[in-house]
Each structure stands twice: as structure tokens, then as C-alpha cells.
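Asker: Here are the chains, one letter per residue:
Protein chains: 2
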Amino acid sequence: MQGFPPAPDKRVKAGDGSFFTFPALRYSVSHMRQFMPTVEVSRGIGSPEPLPQNLDAAIAELQFTPWNSQQPMSFADSLHKNYTDGILIMHKGEVVYENYFGALAKDKKHAAMSVTKSFTGTLAAILVAEGRLDPSKKVGEYVPELKDSAFGDATVRQVMDMTTGLKYSESYADPNAEVWEYSAAGNPLPKAADYTGPVGYFEYLMQVKKQGEHGDAFGYKTINSDALGWVISRVTGKSVADLLSDKIWRRIGMEQDAYYQVDELGVPFAGGGLSAGLRDMARLGELIRNQGQWLGEQIIPAAAVKDIQQGGDPANFAKAGYDKLTGWSYRNMWWVTHNDNGAFAARGVHGQTIYIDPTAEMVLVRFASHPVAANGANDPSSLPAYQAVADYLIKTTHD
Amino acid sequence: MQGFPPAPDKRVKAGDGSFFTFPALRYSVSHMRQFMPTVEVSRGIGSPEPLPQNLDAAIAELQFTPWNSQQPMSFADSLHKNYTDGILIMHKGEVVYENYFGALAKDKKHAAMSVTKSFTGTLAAILVAEGRLDPSKKVGEYVPELKDSAFGDATVRQVMDMTTGLKYSESYADPNAEVWEYSAAGNPLPKAADYTGPVGYFEYLMQVKKQGEHGDAFGYKTINSDALGWVISRVTGKSVADLLSDKIWRRIGMEQDAYYQVDELGVPFAGGGLSAGLRDMARLGELIRNQGQWLGEQIIPAAAVKDIQQGGDPANFAKAGYDKLTGWSYRNMWWVTHNDNGAFAARGVHGQTIYIDPTAEMVLVRFASHPVAANGANDPSSLPAYQAVADYLIKTTHD
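If you're matching them up, the sequences are chains A and B in order.
For the first sequence, counting from 1, position 149 maps to 166 in the working numbering; every step adds exactly one.
For the second sequence, counting from 1, position 134 maps to 151 in the working numbering; every step adds exactly one.
Worth flagging that the hints you see were computed from the coordinates, not collected in a lab.
Please note that a few of the clues may not be correct.
Which copy is meant is left open, because identical chains are indistinguishable; a pair holds if it fits in one copy or across any two.
Within a straight-line C-alpha distance of at most 30 angstroms, the following computed DSS-like cross-link-like pairs (lysine-lysine) qualify [said to hold, decoys possible]:
1. 184 <-> 255
2. 154 <-> 208
3. 125 <-> 226
4. 98 <-> 184
5. 227 <-> 109
6. 264 <-> 30
7. 30 <-> 164
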């Protein structure tokens, strides 16, 4: 997209297939609003809270061995390997590493993809901790429109942890997968004249069928996040965008507004539609690492963070068959490693993450545009790299 | 647009006719990004510069007589009469009046409509003052793609002052007016399969035909602003959005990012696509009132402001037949009143304005959603109201 206008072979348009495939992806993930309607997550109009800086040049040189290799790799090399657009590491509340590539910069925003789900789950966990949302209640009790859908007799907790039994395939490789019908419903562009499917996320959710039983197994399905978004909006009278602004974005000195892509009715895509600045993602990570405190003030309930951090049921998680994520669980739409350091993460396709290591007092945030959507493609040279940084930071005094 | 989802009779959708007519207009002008792709005008990530406050309750009670009436009206009443969404008045650099209605708030943004043109004109005037743009050169010399269009042999100055002779009608009431073809070209939504017209603003501009001679008369035609936007982008290598950010938005402590609606190629609508916060519009007004200085620093060349303020040729302007705007002129896409106070203004349909009165040391900014697009509908109870405030401020010492 360079030039005025860009040359035909340099154009990226939402309407054609190039929009969300590599290499156009590298541009589009940093410019989502240019391709679709969006709503704002306001930071308010006050002054941002500066992020203290204490850069450590040694981090780039740290060596680790990727899972799928015998060859050691440097942390700096892993960034290129994984098509990193931006990465920032905080240690004990200070920025120790920060770097930008691709079409991203310090003062720009990037698609968070399914990291968005962790925000939705966190909002729900906050409402639970505040006593405004009862996780043992059925979704149909909060949203009567969902009573006859698969969500109707699922508990809010089952939706929050994605242990619902839903007839819904998110396999992008399968042209008959339900995810395509879902995408069509959520697409904010005007529907074709012969379109007869549901319009908007909510209408789609109303007709989801049950498959299996709720509560049996973890099954990663985006529509749980949007159903949870609907519950949240019904309980609070606010869209997830406005609630995220009120609960978090206005309260921890964010530098930039964030935004959500929306459907035709203006409903934010709670399952994956957020774009934000990388440094603001780091602020969010620090808020979580500090048990909901920011500069000594309790911004979100500590109980909500504790409930995220303790994780879900690894046995339930194991049934989903992530062979590289042995022993992990999923709770409140966060991924919990249950490793020695108690690390947990928000994760989105193409390499987006907020990775929090409480033992190392580390928050690592990364935006990326890996050509392969599934994180299985970048985890082998990402997760051990994060571990190497954590190991280093534990031994290091930054002062 | 209240409720999750909004009830069918409360929905506002870009695809249908309700989007930009009253009463939906009241919502949509404060939520433009929800209906279309946009690009950002970044303020950067630093701290905003606070606007000093010195509110004066007497302003609301000021009386004036509308042009079309014998009955005096209060300033406060004029705001309702004109469907004001937000209004802010600065006197000697301090906020003396500020109020929000409709769907707008202090920390939200609103469509600036053709006030956008004045930003485009200001950017061009800056480039002229910097010696980077020669207003006596032909547009075709800067943008060869426009050589065979009506713009090809127009000077940059003629485009900046809208004295070009163009076969182009902006009469929205006429279904055959060129403005409809222009809107279709600029519409970022995918074109219908049978669409054969130009795609994007630039492609439209390339096929505009000449009508009459350049330089003879002022003729208010939006496409001049977009042609100027193209010249600006070609000269600087930046979109008007990025240039506005670099030249102004990042440099005078703006509170919010602004944004432009874009066409399918991501080209910002330089003729009317800007949305911004009202308080940031006031900062821009103050920058202009202070001859391009902000807190003692020269942000934009004083020569650019002087050239705006001195106005164009009233004789040329008179030929356009604005019977209520006697003696005015148009220069660098600003409206210059040539009244005793030397007031000049940026103006957009439905009541948008930045009104600068140098003698009264006043900057008045207003966003509105008047059901009638043409400012002729609200000028009779707006311009004399502004004059009443100016008269009052001249006699008042705020300290």
C-alpha cells in the first residue's frame, strides 16, 4: 500500500482474497480499521502513564533451542523467524526490551486476534468477582434469546472456560465448517441480495446446535466468546468495547485508544476483533501480573485475576488434543501453562500473545503476522524463547 | 442504536437509506467509523496539553436577533435550534463555554464534514510557505495522471481557492448530479458486479471535464479538495492523514486521535472525511488564531495563516451567489467574512464550524446534526449568535 494511489499489484483490499493472507497480512494486521467498520475503546482524554524503561541489550543475544531443532537460536533471530511485528518485555514493571518490525510502530495499533477472547473472559471474571454475574447460572437465564440454542442450558462458567458441547467447526481448511457461515453473519459489509443466513453475531449464536454434553471437555470455539460478550452486555447494559473502556482502558494510563471490528449492527467482535497498541497490551499484562493493581490502586478485583491464574481443569483440556501444550488448561479465556513458573497467556492466531510469568515477574507481549495462522507454527521457537528470557530475568537484577 | 442488539426500529446501518438522514444522522455523525473503513490521524503517545478553563455563565444568556426573525433569542436557545452536538468557545486561549448534546461527549469524536477541506487547504498553504509547493504551477505538473482532466491546466492556487471551471454539480437534490457518481467511486464498500465507473477518488478525478474557464469565479466543489489532497500526497509522499498528523496533530497536545473515512484504496477523503474531538478542533483553531504558534513555538508558518486570513477575491466569491454571505471570500479552503473583526471560518454541512474572530480573540468550534445539510438553514441563528458572543468578549476581561 505504498504510493498515491498504490500500484495495482501493491493494493490490499478487504473485498478480495489478498486481504488476510501473507504477505498482505503483514500490512492488514496493522491497519484493520482501513478495511472495515470499527468502534472505539476510549482511553479517555487524560495523560498516559509513562512506562518506566530499563533496556537490557543482553536479551537479544539469549540462546535457546527450539522444540523442533537441535540448533540453538538467539532471541533476536526468533523474532524474524516468527514474523514478529512488535515485541515488548517488562520485568518488575520496567520495559527491558522493545522492538518493532513490519508495518507496526510504537504509536500504531495491531490486531490482537484471539487475545481479544482473554479480554472478554477477564471482563466476565470481573463481573463474577463483583457479584454481578453468577457463573453457575444458565446462559439462557441471562439472554433469553439464546434459550433454544446450544448455549441455553450451558452455564456461564462452561462458556467462560469453553467446555460447551457445540456443533461448530472452526477448521478454516474445511469449506463446510460452520466458521464460514459465522464469518458471513458477522461481516459488516452489506449482504448480497440472495443472502438468507443470520445477520450479525447474535443472530448467528441463536441458531447454534448442541453436539455432545456441556462440561465434558475443552473445545476451542470462538462463538463461546461472543456468547459471553452478549451475556456481559445484557448484564451491564454496555457493549464489550464500552465496558473494556470503563473497567480498564480509562484506568491504567493507556497511550492509545483501542478498537473492535463490528458486525452490521455495531456489535463488537468479542471473539477476536480487538486492535490495540503494543505498549497498552503491556500495561494490561502488568495489571494482571499485579493482581489487578495499578500504581497501588486496585483497578480490577484480585479475585478475578486469581481465578484466571489458577487455571482450569488440565484433564478437560487434554481431551482437546494439543500435543505440544501438555498439562495446560483454559480458564476465563486465558491459557494457563501450569509450568514451574505458573505462566499463563492470552493467545491469538498468527502469533499474538500476552505471556505473563509471575515467578520471573515478566510480562511479554508480542504482535506478529506469521503466514500460518495456527500458533503451532510459531510455538516451537516462541515458547522456549520466552522461557529463556524468564530464566535470564530470574537471575538478573535490573536496577 | 440502544440495546444488545438494538431493536430493529432503532438500528442504523450504513447500507440502508437511514444512515445519513435525520434522526439517524444524530447518531451517525458521532460514530462514523462504525459505518465505514477509516484511517487514523495519530496524536502520538505523549501527554495532551490541557486547555485552560475559565467558564463564563453569562454567555448562555447572551441575546441576539436571528437574521430571519424579529424575536431576540438567547445563545443557549440557539444551540437547540441548530441541533448542536457540541460547542466550545475559547477566549484569549481559555475555555469560556463548553457544552455537549446529542450523541457527542467531551471524549468522543464527530464528523467535521467540509471543515475537512480547511485542513486540506491549510496543509497546502503550509507547503507553499515552506517553498515545497508552487501555487502558480499547473496541477498536471505535480500529478501527471490529472494532465488530461479539467484539473490539468488549473493552477494549484485555483484549486486551493476553488476558482476552477469544472463540469461537476454538487446538487444533492439532482439525481443526475456528478456528486452521485463521485460518491459511488469513493464508497469503500465493494462495488456491485456490474459497476463500471471509476474506483476511488483519484480515478474519479482523472475523468472530470472542464466547464468554463479556470480563475473566473469561486465555485464550491468538493473535488477540488481531493485533487489538492492528491497534489499534497504526491509532493510529500504522505497521505493527508499522515501529513496532518505530522504537521499538526502530534504537535499541539491533541487529546484524541482523529480519523478520515477512506475509499477502497485507502485514500483519505480530503474533501470531507475527517472526524475529530471538539476540544482538538479548538486547539487547531487556537493554533490558527495565534498565527501558527502554540505555547510560544512556531508549529506552522505564520505566512500560511496570514494567507488564509487575508482571504481571496470577494468579487470572484460574489459570482457564486451566496446572498447571505455578502462580501465574503474563500481562500485556502477557508471562508473569510471580511467583517470588521476579520473573522474567518471552516464550515461543513449540517452545522460544523471552526469560527475564528481575531479581534475578539475568540475561537468558537461547533459540531451539529441539523436535519438540513446546507448551512443556509442554520446560519441565520448561528452567525449572529457568534457575533453576539464576540461583541460580549471584546467588552469582557476574563481573568
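Asker: Confirm or reject each hint.
Answerer: Each hint, compared with the structure:
1. 184 <-> 255: within (29 angstroms within a copy, 48 angstroms between copies)
2. 154 <-> 208: neither (35 angstroms within a copy, 46 angstroms between copies)
3. 125 <-> 226: Classified as neither: same-chain Cα gap 40 angstroms, cross-chain 40 angstroms, threshold 30 angstroms.
4. 98 <-> 184: Classified as neither: same-chain Cα gap 36 angstroms, cross-chain 55 angstroms, threshold 30 angstroms.
5. 227 <-> 109: Answer is neither; intra-copy 45 angstroms and inter-copy 66 angstroms both fail.
6. 264 <-> 30: between (34 angstroms within a copy, 28 angstroms between copies)
7. 30 <-> 164: Between copies only: 27 angstroms across chains, 39 angstroms inside a chain, cut-off 30 angstroms.
Figure legend: structure checked against the earlier numbered hints; hints not met, in rising order: 2, 3, 4 and 5.
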